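**Student:** Chains A and B supply the protein sequences, listed in that same order. The letter at position 4 of the first sequence is residue 3 when you use numbering that gives the first Met the number 0, and the numbering goes up by one with no holes. The letter at position 107 of the second sequence is residue 106 when you use numbering that gives the first Met the number 0, and the numbering goes up by one with no holes.
Bear in mind the hints are in silico, worked out from the structure with no lab data behind them. Fair warning: this is a prediction, and the values are worked out from it, not measured in the lab. Yeah, the Cβ is synthetic: ideal placement off N, Cα and C, and Gly gets one too.
Quick look at which bits of chain B chain A covers, simulated, 3 or more residues with Cβ under 8 Å: (1) 85 to 93; (2) 105 to 111; (3) 232 to 242; (4) 273 to 287.
Mimicking DSSO-like on lysine-lysine, the simulated pairs with C-alpha atoms at most 30 Å apart in a straight line are: (5) A:Lys340 / B:Lys181; (6) B:Lys310 / A:Lys229; (7) A:Lys340 / B:Lys310; (8) A:Lys288 / B:Lys310.
Calculated from the model, a selection of chain A residues having no Cβ within reach of chain B, i.e. all distances over 12 Å: (9) Leu26; (10) Phe43; (11) Phe47; (12) Leu54; (13) Phe111; (14) Glu181; (15) Tyr265.
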Amino acid sequence: MRVLKAPSNPLLSSLFSLVLSIGGGFLVGGILIFMAGQNPLLAFYAIFYGAFGSLHSLSETLVKSTPILFTSLAVITAFNSGVWNIGAEGQLVLGAIATTGIGLFFGGYPAFVLIPICMVLSFAAGMLWASIPGFLKARLNINEILITVMMNFVALYLLRYLVTGPWRDPTAAEAFTPILSESIYLPKLLPGTRLHFGLLIALLCAFLVFLILYKTPVGYKLRAVGKSPKASKYGGISVSRNFFIAMALSGGLAGLAGMSEIAGIYRRMMEGISAGYGFTAIPVALIAKLHPLGAIPAAVLFAALLVGGDAMQRVAGVPVGIIYAFQALIIIFFVISDYLKEMGK
Amino acid sequence: MTTQNFAIELLSATIGMATPYLLAALGETFAERSGILNLGIDGIMLLGAFAGFVGALISANIFFGLLLAIIAGGLLGFLMGFLSITIRGNQVISGLMIGTLATGLSIFFHKVIVGVRLITPRVETIKPWPIPFLADVPIIGPILFNQDPMAYMALLLVPISSLILFRTNLGLKIRAVGENPKASDTLGINVFRIRYVCMGIAGTLAGLAGSYLSLGRIGFFTEGISGGRGWIALAIVIFGRWNPARVLLGSILFGGADALQYRLQAMGGILMGVYIPPEFLLMLPYLLTMVVLVFIYRGAGAPSALGRPYKRGVT
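Just chain A, with the same shape it has in the complex (with noise of 0.2 Å):
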């Protein structure tokens, strides 16, 4: 079956994959809509307004790639390194559960010292959730797969508990928290947008995870770990130790996008803090091809559907819902583009 012949040179390679993707998931997703009995095109151009038009849609979806950004990072490291965390969501609710805390109660303290502990203290709280079912597959060998899933949803209810029971603002019509302490806030990049500092955290988390990754023999051993436990294992190289560490650092990469979050946008916590970066996160990373500064663009590229998406919703009154549908489409796209470089050789 050699429908399409994939280019051999590796850039050109790269571009086949992008636009085989990318045009056919909203080719695909085009179809689904005119099913729907709507203008695809007006939506597509919705979309693309939505995310790029203005000064404000734009940093509308930086503000969205950072969490993304944070969140395709932590999945980047685990599945660079042979563990598929798809607990990025639940990572992201815990460090956003202690940013917040920091912010109920130690709010008195400046801003320089808060705005440090807060980000030890989230990544802390991610890599703790993340190190449980790091331990065990690394001791038992449990599959990571199903717990991290499964620790989703008892922090997805611990959060809920937490903005229903005990840290509910009493005043606040929803169940909210208080609104927290200025000194954590994180400052603003550009006056009169929701721009803020988290942004370039996340850039400069990016660059250091491609460090760790490519540059550092911690890295050097979690990607043979990766590639081949078995041959790892030979060559003198703890499988089991390498998977916890993945696990962990991944963990807490996942919970500074909750900080981010608290401290940048919300500055209260309530449900619903997160669209699902941690998910969206997973997408991210394949297109990206699991590299960290390639999780930049691909971020970017996400939050501009997501944002874009919202505008459709508003504009051409196509439920957002179908950006869910794209997002997988793409990888399925992504996936079918592999085989036919392969079949190409």
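Once you have looked at the hints, place chain B on chain A.
**Tutor:** This is chain B only, laid out in the frame that chain A set:
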């Protein structure tokens, strides 16, 4: 309410709650026995729940709803098959994306077809079919013989699946393909066809399991109605060691946890004089899954070729 009545009611509810787990997990048993790990079950169940509801809503006929759920589930099962069998894609990635696709489609078409209405539209639910005479037997009657047809069917599928898997030629081929596809191929078994058949079974049963969530008790659809039950079904397959009889046991365990959780919520969350916040009761099935995986997983014999795509002519 006497303790005996409470126990009977709880056990009867357990069978109902176990039904979607059982259907999905039996289907997944076939898929995994043939070597395919289908992580998309939860999404397929969501789409099945939606398709079942919408089918019943527009036709005012439950059977049409069930048919639509089966078709939707089957189509996604085949798509998963296409990605993992023909395209030889990574099964974890393919499964996750099938799940995301199905979830997105259910949310999208729910908004398009049903939209936001003041009053949530409801459809008729599947009615219990008390089996004459047997339903009147004390204790066992109300627990086992006062269920609805879907529950009976799910229970009947347990021995049928066992027979197919362990007593027929097809079952032998399925197990062979999941253990050693290369050797099976050499013996003239069509690895690809067997795996497609199993994915078809897994998809349709997951779709049907989903439809039971919307049509079984409540008669409407909400986003996220599956509540991770597809994921729990995957854990049940591991608990069940890829064996239908043990899968039934696992389904009853989790059905029981669900039933207990709902009962406790209905009783105001008070257990032995201690108040448990509803969020912690809701965590119960997920925590139970984790505990079960920790205590049961060791020594479990998964099909050897599980998760690995098969390519002809490669050593």
